[in-house]
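Asks: Each chain, letter by letter, is given below.
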Amino acid sequence: MDWVKGTFGTSIGKKQLMAVTGLGFIGFLTGHLLGNLTIYLGPESFNSYAEHLHALGPLVNMAEVGLLLFATVHISTGLLLFYQNYKARPVKYVGKKWAGGRTIFSATMPYTGVLILVFLIIHLKTFHFVDHDNQTISQIASNVFSSVGYVVFYTLSMVVVAFHVKHGFWSAFQTFGANHVKYMPAIFVLSAICAVVAGIGFGFLPVVSRLVL
Amino acid sequence: MTKKINLTLKVWRQKGAAHKGALETYSAQQISTDMSFLEMLDLVNEDLTLSGKEPIAFDHDCREGICGMCGAMVNGRAHGPEKGTTLCQLHMRHFSDGDTIMIEPWRAMAFKVVKDLVVDRSAFDKIIAAGGYVSVNTGGAPDANNIPVYAEDAELAMDAAQCIGCGACVASCPNASAMLFTSAKVSQLALLPQGKVEADKRVLSMLRCMDELGFGNCSNERECEAECPKEINITNIARMNRGFLKAALFSRHK
Ligand code: SF4
Ligand code: FES
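So the sequences go chain by chain: Z and Y.
Each residue of the first sequence is one higher than the one before, counting from 10 in the numbering used here.
Each residue of the second sequence is one higher than the one before, counting from 814 in the numbering used here.
One or more hints might be untrue.
To be verified - If you want the footprint, here are the derived chain Y segments under chain Z, 3+ residues with CB under 8 angstroms: (1) 877 to 890; (2) 1042 to 1054.
Unchecked claim - Below, computed lysine-lysine pairings styled on DSS-like, alpha-carbon distance capped at 30 angstroms: (3) Lys-101(Z) / Lys-896(Y); (4) Lys-14(Z) / Lys-1009(Y); (5) Lys-928(Y) / Lys-105(Z).
Source of the hints: derived by calculation from the structure; they are not laboratory data.
Cβ coordinates follow ideal geometry from the N, Cα and C atoms, glycine included.
Assemble the whole structure, with the sequences as input and the hints as a guide.
Replies: Right under this line is the structure:
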């Protein structure tokens, strides 16, 4: 088992874990967003989407366990990397300027990551761990989004998600070693598209919910 | 046109690894804009020596951008603000009269300050010793061009081989990671048929050695690529990432 530690315990190994789980989340976000777009069609469509999803039963549970596992790996590895990288430069520069490689998206990865975790906990508490027997998902959403404060928090959180995706997406490909003259420019563009789609797609849901549900 | 300029320097002075360092202010008078940055420091050091003070310690050797000895953070930038140049190739014409210049050593856990601007980069030697070579049996010299090498691969290998081991990539990386250096040293060999033979073992041992030395983890910030005086590309890091995956998951080597 030594080779397992010698693989996933190395700096590149940890990066691979971040990349695989990160791309997994982008896959999840895509599905989540597509489902949630039914909100635009009104409460019936949204409710029926939720019912169909839950009718999948064990498949949903399996996906939930998978997501939990991915989250555990992504968060713990991310925190470990943050700590190790902090320690790798014990004496900080008095004056350091960035040369144009670093972007606001890459520089804020650990912080946007923690903010997303905070959002996730609140999001699960308000949507997942609530009474699903006596109220429909539309009712839950319209209740939650009736608070202006929550709408603002939700929308800002989606901007944070977009930031995280912008660096995370292309970064995952670089980590897999898929930096290729033919495809890298496209991956960069796709990174930006994914970020904007996630930001706008999820970001407008509270407002739309208030109008439609 | 040659001009003379006057500058204020804020230089990191530190007696040794165990001592605390601090920025000291010096004035550099009548500096010709034709001078290199190191010549400017030489002049300041002459004045310091004449006035009985300890001169500023800094590393240098070739003074033409090929040895990799020089290097310091100049106004927060590795080797100064110019692209694709080492500190010895930075000329004073890029500064203006009255400028204040801050000079700090490379900072990383794996690069301890020896004195003032001199840091210990022997960690790089350890990474090379871990696998940055090809094993060659002694005997008669093999024929040149015996093994065909595709010209473009040779070019890429030469691009990677341009790395002079200066350490600017580590110094400028927000995580103090040595991935650009290590990946260049892995790539210059892995791209060629002679180097492919030991590629799997090499990438595993060089990476593990790099990790043990206390360098940070690469998070694709790309500051290294922007600051490297030899403009080593991060496609080398990608090559090392996939080389590592292949070696770790599919080769015999543990
Ligand atoms: S990769 Fe560039 S910055 Fe890093 S040691 Fe080599 S030459 Fe210096
Ligand atoms: S002194 Fe040799 S590279 Fe600058």
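Asks: Check each numbered hint against the structure and report the violated ones by number, ascending.
Replies: none
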